[in-house]
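Chemist: Chain by chain, the residues:
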Amino acid sequence: MEVLLSSGKRNTRKRIVVVIASLFFGILLFWTLFSNMLIGLTLPRVVTEAPTPGSLDVNFQGTSSLRPVLEVELFNHSGEKPTEILAREGDVVQKGQLLVRYDRTAKEQQLELEQNALQKLKLGSKQLQDDYKLAARGEDVAAIEAARNALESLKLDLSAQEKRIQMLQTELTDRTELRAPFAGRVTSVLAIENIPSNGADIRLLDTERGMQFDIRIPADMAAEWMEGDAIKVRTLGKESRLVEGRITKMEADSGNESNMPEESAAMNIPASEERQAAKEMVQVQIRITDKSLRAGNRVQVELTQSAGGDTLILSRKAVHQDRNGFYVFAVQSRPGPLGNQFYVSKNYVTVIGEDDQSTAIAQEFWLEETEIIVESSEPLEDGQRVRY
Amino acid sequence: MNRSWVRRWLRKDGIAAIPFLAPSLAGFCLFFAVPLAMSFYYSFFDRVTDGTFVGLGNYRELLGSSSFRKATGNTLLFSGVGVPLLILLSLGLALLFNRQLWLKSAMKTAVVLPLVVPIASIVMITQIFIDWNGVLNAWLYRLDLPRVDWLNSDGAWTVILLIYVWKNIGYNMILFLAGLQTIPRSYYETARMEGAGSIRQFWGITLVYLTPTLFFVVLISLVNSFKVFRETYLLAGAYPYDRLYMIQHYMNNMFFSLDIQKLSTAAILMVGFIVILMSGLLKIEHRFLENIE
Amino acid sequence: MKKISMFIVLCLLIVVFTGCSSAGGEGGTVNGITHTPTKQPSAPTQATKPASMPSPDPKKQSTLVFSMYKRDSYFETAAKAYEKEHPNTKIDLNYIVENTGEDVSRAKQEKFKSAMIAEFLNGKGPDLVVMDELPADKYIAKGLLANVGDMMKGDTSFKKENYYMNILDSLQTSEGGLYMLPLSFSLHTLTGDQQLLEQSGVRMNDQSWTWKEFLDTIQQLTAKQDDRYGFMAFDENKLLLDMARTDYNRLVDAANRTARFDSDLFLGMLEQIKQMKGKTVLYYGKDLKQTDGSKGFPIYFGENELLTPFQYFHYVANKQESGDHSTAFYEKPKAEGQQPGGYFEPRLKIAIHAKSSLQPEAWDFLKFLMSGEASAAAAWGANDLTYKGQGFNGTFPISKSLYAAKTNNMVQAGPLQMLEGGPVEITEKDLKKLDSLIESANKAIFDGEILQIMAKESPAYFHGQKSSQEVARIIQNKVTTYLNE
Amino acid sequence: MIFARNLSRLMLLLLTGLVAAAMMLPILLTVTNSLMTEGELSFNYSLLGVVTEASAQAKFVNLKLIPDWVTLSQYAKLLDSTPKFLQMFWNSIKLVVPIVAGQTAVATLAAYAFARLRFKGRDVLFMVYLITMVLPFQVTLVPNYLMIERLGLMNTSGAVILPGVFGVFGIFMIRQFMASLPFVYTEAARMDGAGHGRIFWEIILPLTKPGLAALVILLFVDYWNMVEQPLIFLKEEFDYPLSLYLAYIQESERGVVFAASVLYMTPMVLLFLYAESYLVEGIEHSGIKG
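Chains as they are written, first to last, in the working numbering: chain D, 1 to 388; chain F, 1001 to 1293; chain Z, 2001 to 2485; chain C, 3001 to 3290.
The hints are simulated quantities; they were obtained by calculation from the structure and are not laboratory data. By construction, the Cβ of each residue, glycine as well, lies at the ideal position given by its N, Cα and C atoms. Errors might be hidden in some of the hints.
Claimed, not checked - Okay, derived cross-link-like pairs now, DSSO-like style, lysine-lysine, Cα gap no bigger than 30 angstroms in a straight line: (1) K3120(C) to K1227(F); (2) K3209(C) to K2113(Z); (3) K3235(C) to K2090(Z); (4) K3120(C) to K2084(Z); (5) K1283(F) to K3120(C); (6) K2238(Z) to K2319(Z); (7) K2238(Z) to K2138(Z); (8) K346(D) to K2084(Z); (9) K1227(F) to K2138(Z); (10) K249(D) to K238(D); (11) K346(D) to K2080(Z); (12) K346(D) to K2090(Z); (13) K2277(Z) to K346(D); (14) K3235(C) to K2277(Z); (15) K120(D) to K107(D); (16) K2274(Z) to K3059(C); (17) K2113(Z) to K3059(C); (18) K2113(Z) to K2367(Z).
Claimed, not checked - The following residues of chain Z were derived to be distant from chain C, with all beta-carbon distances above 12 angstroms: (19) E2110; (20) E2119; (21) K2124; (22) G2154; (23) R2250; (24) E2303; (25) S2357; (26) H2463.
With the hints as extra help, turn the sequences into a complete structure.
Modeler: In structure tokens:
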């Protein structure tokens, strides 16, 4: 009897123990799965790529704007207001081509006046000639002398007046017109019809001599060049094309960047002075003789150099920089309880070259078959666990 | 007549034993016998690899080591006191729990629980008590007595002994309880009918039929008395207070000194001691087995 | 019946046979990882020391196993670099922990120690091993490490002048063998204000002073002036360790297995350290904390461990800020009659397994490691103040040329920006001073079970919990146990 | 008479109660401490192992049984931010369950041979078995390491499980139980011509039930607590069992050590509570009459 009772009691106890045990293990199991999921979710998410072996053509792109080799300003010296402007901006003009006509009326009136005065003088000279003839017949030496003087002075006046008229006449033809002194292109028309101008009226570019620009180029890329070498230059704008340029001047860069305000020679790197400073630059002047180019046009010099033989190509976003140099975040996988776990490891690399998309880094042992982090949802640290 | 029949079929058991023994023997050879044999081999050489045979040189050196002698003495003392104490206490408890008792189950659980306490907790709780700033010293302070550095005093020995007993009493009790179940109740009933008192029953039946279990418990208690090294080591390090410096410390230190020869030699000596002890126990057991045949 | 006995005999035979063959020379393959699969089990593999180190056969395919406790990126870099140069050699790096931070409990360290013992004693083990976490003296005593000193001598391509031979020479054992090569080291020095010390008129000679003389000097110095403390030590225990280290031979007689920690010598050390506390000796760890005067203690001498050249300048700059303009470095006290020369602490000590079948390859790789050719670190910066995780790249390298390259980098980089205060110019003159400090270092800082026992027990005295005799007795007991094992 | 019997019962109860209380104290301490906040713990035990100045006379570790504030924060922290803990918990299960099952099976068979059969060299062989049980781990570590490596088990759970399965403890223990079973039980079957297989399976095994229950409990406890083997033979931390987490718990994790201990103990306690009923199930209940 007692045995039966106690065995019944025992069975209930066993059942209780089983229930508690399954509860205990159940909770732990649930928690194991749940917490792993939770931790997984809180990890920063990263996007990776594998560096591909190959040589990156390191592109150098330098842009600069053209400036002319020779450009002159044409002035109206008459001070008359322009009446007709024949040239338009961008016109290609021949030597001697009429560009601007100026107001002639003032000059013409003056000429008329002068001619009238000449007429008067001529009339006066007839009188004096007669006087002189009369006096010459006489014996009065003084009178003869006086008459001759008067006639001489009048002749001088006459010739002076004639010269003036001549001058006025040339002025009338010359100064009332602006003609191209050389073949070229009108770069700008400053004159405005009917308004007298004080400064230049037309700016004319000498197309024979062409355009030129200055640019800073990494020394190692420019190493093969000499003055006088030809170089391809790309024009920027709607109709981009390649034109031939010629190097006119090369000099080592002074390093003082304030000297060149214009150009933005850049290796397409995140603005990092250290990097710039690290590269030796050369100042190059290139002349282009292409008629279609205008001053101020942006031109671009594109250079490619194969960076090393043993390089790996990475997305540029993957390479970061700090005080000690360039580094990448690699993904390291360590086996974990539920499959592999991934950790960030920071590794310094040697950057060999870059273009706007990718970076070439020196081949290093650990880079083989390593996933490099390109993007991350959070800032990363060495040793951090991530998911991807 | 009966007896000779038994003997005859026992003799035939050799073949029958093979299937029972084979799995165990295979694994045992691989993981235990070979290492044991190698240890034995090491104890006669001066180096583990390419050593030269030095005969009993290692043994001589070992016995000449005062630290080894100290360790042996301490171990003998500890086990000599600890094992009987533990067995007495656990047997008493097992007998107690084998009777009808209120809240028996709960108390039994309470006694067994120390078994499951992880070493880390044991060490930490011990430290709470015996640390320089520990509870024991706090009590001493309240009694206006000076503090004691328990780990560097003879008190440490008692502390370790307490840990040993506390931890293993449940272990032994389980064994005894299981052992007690193998004694048929009918024996007691017969004895009671024959008018034997409970003390007589204990000596005549319980203890006799418990002999194999007892044999086992003695050996396990001995093994466990060696295992208390783990706690000692975590509490007091590789070089504890003199009295606590046991044979396990010696062996452990020899291991980390790469002195496998001395380690093996010490182990072989220890084994020798245990073999003698066990032969004695086995002999008693045999007598018992013959008794119940 | 017969079958049973046959069975038992067979089993025992298996036992004995496997036992013997395993115990004999081990050269077999394990998991197919290890090299030389063909080797007579009984052939003596005792390292026959080559008169001249044969250069490794470049055509031989080999895998060098290199074990260490902690992962070190320098080794990884170097291994890959070496593999690239030697396509037929593979380096198998084994480490237990990523960094020591994950092993606060030292469980892994215990594992590393045990595994190494098991491997070495089985005649396997790595070809190269970093000994920093292992008891090197025991390994040497058991003949498990190859004498790299001999390899060095036998190798004509090894250029001694490129290395700090003073460091290597002082790591030789008493028999003249050199079993470990440190890849780097740090310097232990005293610092003081030269001008001030000269003005004080107290005679001193840091080339030869013992601790007693040094402490006497301090006492004289502090007797003269009032506002300056004598010596800023890190704490009592470290001071005791330093003192015990110099007098180690008088405290421990390993040959006769006796210790003299109960002697007046040791008791004197203990008591002196406690007595001098205050005016003469300050303890960085405690006193500075209590007064909150972060820099405010004017002292005559301080002690310093220089891990990097950077620290040298950093320290000098710090002193300058607190008013000492002529900071000079002095040698730490040494035992009586000892050669002049400062203390250094070897780091990343690498040994070659005496039974490695790839010793020439291992030596070649070790040479490569020492040369620092694969060192990636360009310069020292403020982040490199600590040794932690810097490994080889952080500390003074054993290679002179590497050191020169690094310091050159430092000079090139211009003035050092300190964590606080202004930048510090690094001059050739400063570097020369530092050079002489390095060149003169010839005493290795060592550690061991005995010193550890001492360091564990003595704080009880310094904190006033026990008497010096009590502490000395406990130490004496434990050390005696240790020596007599 | 009745009074005296009750009195002695009461006395016994009191005695065992006292013993039980003393035994329970450390466990109670563990459980109650596991319910304290981390702050309370560090306040109580910050002085542990610290060498204090002699002047700091009255500063002691604060032993407290009842938490100021009962909280499950330790458990939450342990389960939430220590994924390692749970991983190790399952590792323990994965290691211990095969060992216990394997050793029980192997040992029961071998024990039968040692206890109930008689063959030459039995006692010697048994002695050799026993010796290996006594040796400390370090003694056989070097040859063991070699063996494990040769078998290709290094760094796999097999390196821990297999030696466990062939452990000697079970053989020894079950042998003792079987040895003490009176021969009369098997004689009848023997006379009926039953083979050893049948005798083992139908008679001896049911009779050893309490022993098996004890064995399972003790084996589980032993292997749940093992430290050295997994530490040496397993490489990766995520393979480690819970015992290693606790044996080498870090200073910084002290705040969760009590909670970890409680969770660590729970499976063993549950197992004991479950198996206990078999443990005390006497022979009379097992249906065999002598």
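Chemist: Each of the hints needs a verdict: does it hold here or not?
Modeler: To see whether the hints hold, each was checked on the structure:
no. : hint                 : verdict
1   : K3120(C) to K1227(F) : violated, 33 angstroms
2   : K3209(C) to K2113(Z) : violated, 43 angstroms
3   : K3235(C) to K2090(Z) : holds, 22 angstroms
4   : K3120(C) to K2084(Z) : violated, 64 angstroms
5   : K1283(F) to K3120(C) : holds, 16 angstroms
6   : K2238(Z) to K2319(Z) : holds, 22 angstroms
7   : K2238(Z) to K2138(Z) : holds, 25 angstroms
8   : K346(D) to K2084(Z)  : holds, 22 angstroms
9   : K1227(F) to K2138(Z) : holds, 26 angstroms
10  : K249(D) to K238(D)   : holds, 29 angstroms
11  : K346(D) to K2080(Z)  : holds, 17 angstroms
12  : K346(D) to K2090(Z)  : holds, 24 angstroms
13  : K2277(Z) to K346(D)  : violated, 47 angstroms
14  : K3235(C) to K2277(Z) : violated, 48 angstroms
15  : K120(D) to K107(D)   : holds, 20 angstroms
16  : K2274(Z) to K3059(C) : holds, 23 angstroms
17  : K2113(Z) to K3059(C) : violated, 38 angstroms
18  : K2113(Z) to K2367(Z) : holds, 25 angstroms
19  : E2110                : violated, 7 angstroms
20  : E2119                : violated, 7 angstroms
21  : K2124                : violated, 8 angstroms
22  : G2154                : holds, 32 angstroms
23  : R2250                : holds, 27 angstroms
24  : E2303                : holds, 22 angstroms
25  : S2357                : holds, 17 angstroms
26  : H2463                : violated, 5 angstroms
The structure fails to meet hints 1, 2, 4, 13, 14, 17, 19, 20, 21 and 26 from the earlier list, while all remaining hints are met.
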